[in-house]
Amino acid sequence: MVNITRRSLLQASGLAAVGLASPLSAPAFLRNAQAQSGPVKLGCLFSSSGTMANLEGRLNYVVKMAADEINAKGGVNGRTIDVLVSDPASDWPLYAQSAKQMLQQEKVSALFGCWTSVSRKTVLPVVEQENGLLYYPLHFEGDENSKNVVYVNSPPASSVLPAVDYLMGEEGVSAKRFFMLGSDYVWPRTINKQLKGYFKSKGIKESAWKEEYVPFGFSNFQTLVNQIRAFADEGGGQPVVILTVVGNSIPDFMREFANQGILATDIPVLGLDMVEADLEGLDTAKLVGHLNCWAYLQNAKGPANEAFLKNWAAYVKAKNVPFSGTVSIDPMVSAYDSVHLWAMAAAKAGSFDVPEVSKAFAGLTFDCPSGYKISMTGENNYVARGVFIGSVNDKQGFDILWQSKDTPKPVPFSPYG
Amino acid sequence: MNLTRLTAVLAGLLAALLLAPSARAQALDRAGLIANLCGNASAMGEAASVLTGLAMSGDAADRAFAVPLARAVIDRKLACDDAGAVLTENGLDAVTRQPRAAAGEPLTPVLSLKNRATYEQVDAALALRAAPEASQRAAALKTLERRPALIPEGLLEAAAAAEPDAGLKGEIETLAQTAALTAADPAARIRALARIADNPSRRALTQVSALTADPAYAASPEFRAAVDDATVRIGRGIAVGDVLATAYNGLSFASILFMAAIGLAIIFGLMGVINLAQGELIMIGAYVTWLVQQGLRVVAPSLLDWYLVLAIPVAFFVTAAIGIALEASLLRHLYKRPLMSLLATWAVSLFLMNLVRVVFGTQNLQFETPFYVTGGVPVIGDFIFTWNRMFAILFAVVTLALTWGLVRRTPFGLNIRAVTQNRDMAACIGIPTRRVDMMAFGLGSGLAGLAGLALSPIYSVNPQMGQNFIIDAFMVVVLGGVGTIAGTVVAALGIGQINVLIEPLWGAVAAKVIVLLMIIAFLQWRPEGLFAVKGRRK
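Chains A and B, in that order, are what the protein sequence lines are. The working numbering applies: residue 1 is where the first sequence begins, and numbers increase by one. The working numbering applies: residue 1 is where the second sequence begins, and numbers increase by one.
Hints listed in this document are in silico derivations from the structure and should not be mistaken for laboratory results. Warning: the hint list may mix true and false statements.
[What the hints assert, rightly or not] Pulled a few chain A residues facing chain B out of the computed Cβ check, cut under 10 Å:
(1) GLU234
(2) ILE250
(3) LYS286
(4) VAL288
(5) ASP394
Each residue gets a CB set at the ideal place from its N, CA and C atoms; glycine is no exception.
Please model the entire structure based on the sequences and the hints provided.
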C-alpha cells in the first residue's frame with residue numbers, strides 16, 4: 001500500500017525506539033539532527049488502483065516532476081525534495097490511514113493529494129490533529145476552510161457559477177431549465193444545493209430544475225437519458241444538464257447521451273468533472289460543444305503552458321510514465337502549482353515547520369501554466385485562479401470557449417448553500 | 001396539394017424577381033463577411049444572418065461562395081490571420097479562393113453554443129439550396145428538421161421550387177407544412193397539426209398544447225377540433241413509446257446481466273466454485289476484442305468495421321484457455337474447500353486486474369465504433385432504438401440459444417447435467433468428472449469473454465470494469481437458482497425490468513436498494529432460487 005522502504009521504516013521505528021527509551025534528553029536533539037540533514041520529504045495521496053486510478057494516478061508523477069524541477073535549481077532551503085508515493089486504492093478511509101502514516105512515521109513536510117471530496121473529508125481530521133499540511137488540487141464545493149489544507153483549486157464561486165452564468169447568458173444558450181445529475185456523495189449534493197440557492201436568487205422557479213443521483217460507478221444511463229429528454233421536451237426554455245457524476249460514469253453517460261441522438265445544440269451538458277482523460281475511448285464527433293469549467297485547459301495560451309506541456313511530455317518519455325504525455329488536465333497543473341507554492345512558502349519562511357510555512361502564504365504568486373498569475377492572501381488558504389470554460393472538440397479535447405479577464409477572489413463559503 | 005405547390009413556385013418566382021435586382025445592387029461584401037466570421041460571438045452572429053440571407057435569396061455565385069464557409073467554421077477549418085482567412089481544408093483564401101498559406105499564427109474561431117446551433121442550421125440551409133448531390137440535400141433537410149422553429153421563413157418554399165428530385169421535393173413540402181403551424185392561413189395550420197401528430201413526441205405535445213391559448217382555438221371550432229385530436233393522438237403515441245422504451249431498457253439491462261451471469265451460472269452450478277475472477281474474465285474478453293481491433297488495423301484495415309464479429313471466436317477461446325489453465329493449475333486442488341477456492345479466485349481476480357494494469361495502463365481503451373453500434377433510430381413517441389444496446393440484446397439471445405443447445409443437445413452437455421445433478425453417481429457410470437469439470441470451467445470462462453466483447457460498445461473498458469459486474473452476476477445466479485439456464489434468463493429479465501421500472505420513480509440509488517431487498521425477501525421464501533435443480537447437492 002504505502003511505498004515505505006524497509007530502510008525508512010527501520011529508521012523511523014529506530015527513532016521511535018530511541019525516543020521512547022529516553023523521552024527527556026534525546027528527542028529534541030535527535031529531531032534537530034534529523035531536520036538538518038538529508039532531503040525534505042513530501043507525501044502523495046493519489047490512488048494508483050481502483051476507480052480513481054486513471055485520473056489520480058498521473059498526479060503522483062506530476063508532483064515528482066515538479067520536485068525534480070525544484071531540485072535541479074538546488075532544492076529548498078539548501079535541501080533537496082524527496083517525494084513519497086502511497087496507494088490509497090480509491091478506498092476513502094485508506095486515505096486517512098496513509099496520511100497518518102506519512103505524517104507520523106515519515107514526518108513529511110506537506111501532503112499533496114485527494115481527488116474526491118469524500119477522500120479529503122476523511123483526511124481532514126488527520127492533518128488537523130497532526131498539524132500537517134495538505135495541498136488539495138481539485139475544484140470542489142467550498143464551505144470548508146481549515147488552516148491545515150491549502151485549497152489550490154477554485155471553490156464554486158470562481159468555477160461553477162461563472163460557467164452557469166455563461167449558460168444562462170445571451171452568449172451562451174439563455175438556459176432556463178436545469179437537470180442536475182450527480183454521483184451520490186458530498187460534492188454533487190453540496191454543489192447542487194448551492195446551485196439551487198443560486199437559481200432561487202435569480203428568480204428561477206423550482207419547477208425549472210430536477211435533481212437525480214446515481215450510485216458510484218453507475219454506468220447504465222439509458223433510463224436517465226430518457227428522463228432528461230422528457231424533461232427537455234416539456235418546454236419552458238432552453239434546458240441544460242449539469243453533470244457531477246464522477247469516474248467512469250462520465251464516459252458511460254456521454255456515450256449513451258450521444259447514442260440517443262442528443263447534440264450539444266439540443267441539450268448542452270456542463271460536465272463539472274469532465275476532463276480530457278474522460279474522453280479517451282469516446283467518439284467525440286457527436287459530443288462537440290458540450291462544456292466543462294476548470295482553472296486550466298490544455299489549450300491555454302502562453303509560454304508557461306508551452307513549457308509545462310513540453311516538460312511533461314519529456315518527463316513521460318524519460319521516466320516511462322504509464323500515462324499519456326500529450327494529455328494535460330487541470331488537476332495535474334494544480335498539483336504542479338501546489339508543489340511550487342509550497343516550495344516558495346518554505347523558502348520564504350526559511351523553515352519546513354507547518355506554522356512557519358503557513359505564515360508565509362500571504363502574498364505568494366506563481367506563474368501558473370494556465371497563463372494567469374495565481375496568488376494567495378493571508379485571509380484564507382485559498383488560491384486565486386483564472387476561470388476557463390471549455391467546449392468539447394472532435395479531437396477528444398476541449399477548446400477554450402470563454403476565459404476570465406483576471407483571477408477572481410476566491411469565496412470559500414457560498415452564500416447560496 | 002397542387003395549389004400549394006403552385007403558390008410556392010409563384011412565391012419563389014416572385015421572390016427571385018423582386019430580390020434579385022436588390023441583391024445585385026447590394027453586392028455581397030465578401031471581405032466584410034469573412035472578417036465577421038473571424039470576429040467575436042456577436043460578429044459571428046451577424047455573419048450567420050448574412051449567410052442565412054444568401055441561402056434564402058442572393059445569386060447563385062454568392063451562394064456557391066458561401067457554401068463552404070459555415071461548415072469550415074463548425075469544423076474549425078477556418079484559419080484567421082491579418083490578411084483575412086484561409087480555408088484550411090483545401091488551402092484556399094476565404095475571400096478570393098486563390099491558393100495561399102495562412103500567415104503568422106492563425107486563429108481558428110470557436111463557436112459559442114448559441115452560434116453553433118445557428119451555424120448548423122445555416123450550413124444545412126445552404127446545403128439544401130446549393131449542394132450538388134440529392135443525398136447531401138436530404139441530409140441537410142434532416143438537420144433542418146431538428147429545429148423547425150429556427151428555419152427561416154420562405155426557405156423551404158424556395159428550396160422546394162428549385163428541387164429537381166421529386167421525392168425530396170415532397171419531403172421538403174411536408175416539412176414546410178409542419179413549419180406552417182404559426183402561419184396565418186387556418187387551413188395550413190390544421191394541415192400542420194395533422195403532420196405533427198403523425199410524429200408524436202413530448203416536444204410535439206408541448207408545441208400543440210400551447211395552441212389551446214391561441215385565439216383561433218376559441219374562435220374556430222374546426223381548429224379546436226384539430227388541436228384536440230392532435231393532442232389525443234400524440235398522447236397515445238407517447239404512451240406507446242414509453243411502454244416500449246421501458247421494455248427495451250429493461251431488456252437491454254437484462255441482456256447485460258445475463259451475459260455477465262451465464263458463465264458464472266455454469267461454473268457455480270456445476271462445481272459449487274464461487275469464481276470471483278469472473279469479472280476479470282469479462283474484462284479480459286473486452287481487452288482481447290481490443291487487441292483484435294488493433295491487429296485488424298494493421299493486417300486488414302478494410303475489415304476493421306467488423307472487428308466485433310471477428311473477435312467472437314478469439315475472445316471465447318482466449319478466455320476459455322485462461323479458465324482451463326486456472327482450473328487445472330489452481331482450483332482442482334481446492335474443490336473440497338469452498339472458502340479456499342473463493343479466496344483463491346479473489347486472488348486471481350486481483351492478479352489479473354493488476355497484470356492488465358501493468359501491461360496496458362489504467363486508461364479507457366479506444367474502440368472504433370462501427371456503424372452497427374452507433375446512434376439510434378426514433379421509433380414512436382420518445383422511444384429511441386439504440387444500436388449498441390440492440391447488439392448486446394441480439395448477442396445475448398444468440399449466446400443463450402447456443403449455450404442451451406450445447407447443454408441440452410450434446411453429449412458434453414449431458415455430462416455436465418449429469419455431474420451437476422449427482423457427481424458421485426455420474427462418476428460411477430463412467431463419466432470423466434474431472435474432464436467435465438475442466439471443460440465446463442473453460443465454457444464458463446469463454447462465455448465471460450463473450451460478455452466482455454458484447455459490453456465493449458456500451459461500457460468503458462479499463463482494468464476495473466469487471467468489478468462492476470461480479471455482484472450483479474451473483475445476484476442473478478443466486479436468484480435464478482444455482483446452475484439453471486432458464487433461471488438465469490428469468491432472473492436477469494426480472495432484475496433488469498424491475499430496476500428500469502423503479503429508477504424513474506425513486507432514482508437509481510433507491511432502485512439498487514429496493515432490488516436487493518426484494519432479492520433478500522425472495523430468498524427467505526425460496527432459498528434455492530427460482531428454478532432449483534432437482535438433485536442431490538453436497
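These are the hints, each one checked on the structure:
Look at A:GLU234: its Cβ gets to within about 6 Å of chain B, closer than 10 Å, so that hint holds up. Against a cut-off of 10 Å between C-beta atoms, the interface hint on A:ILE250 holds, since the closest Cβ of chain B lies about 9 Å away. Satisfaction of the interface hint for A:LYS286 is found here, the shortest Cβ-Cβ separation to chain B being roughly 8 Å, below the 10 Å cut-off. With 10 Å as the threshold, the beta carbon of A:VAL288 comes within range of chain B, its nearest partner Cβ sitting at about 8 Å, so the hint holds.
A cut of 10 Å between beta carbons decides the hint on A:ASP394: the least distance to chain B is about 8 Å, and the hint holds.
The earlier numbered hints are all upheld by this structure, with none contradicted.
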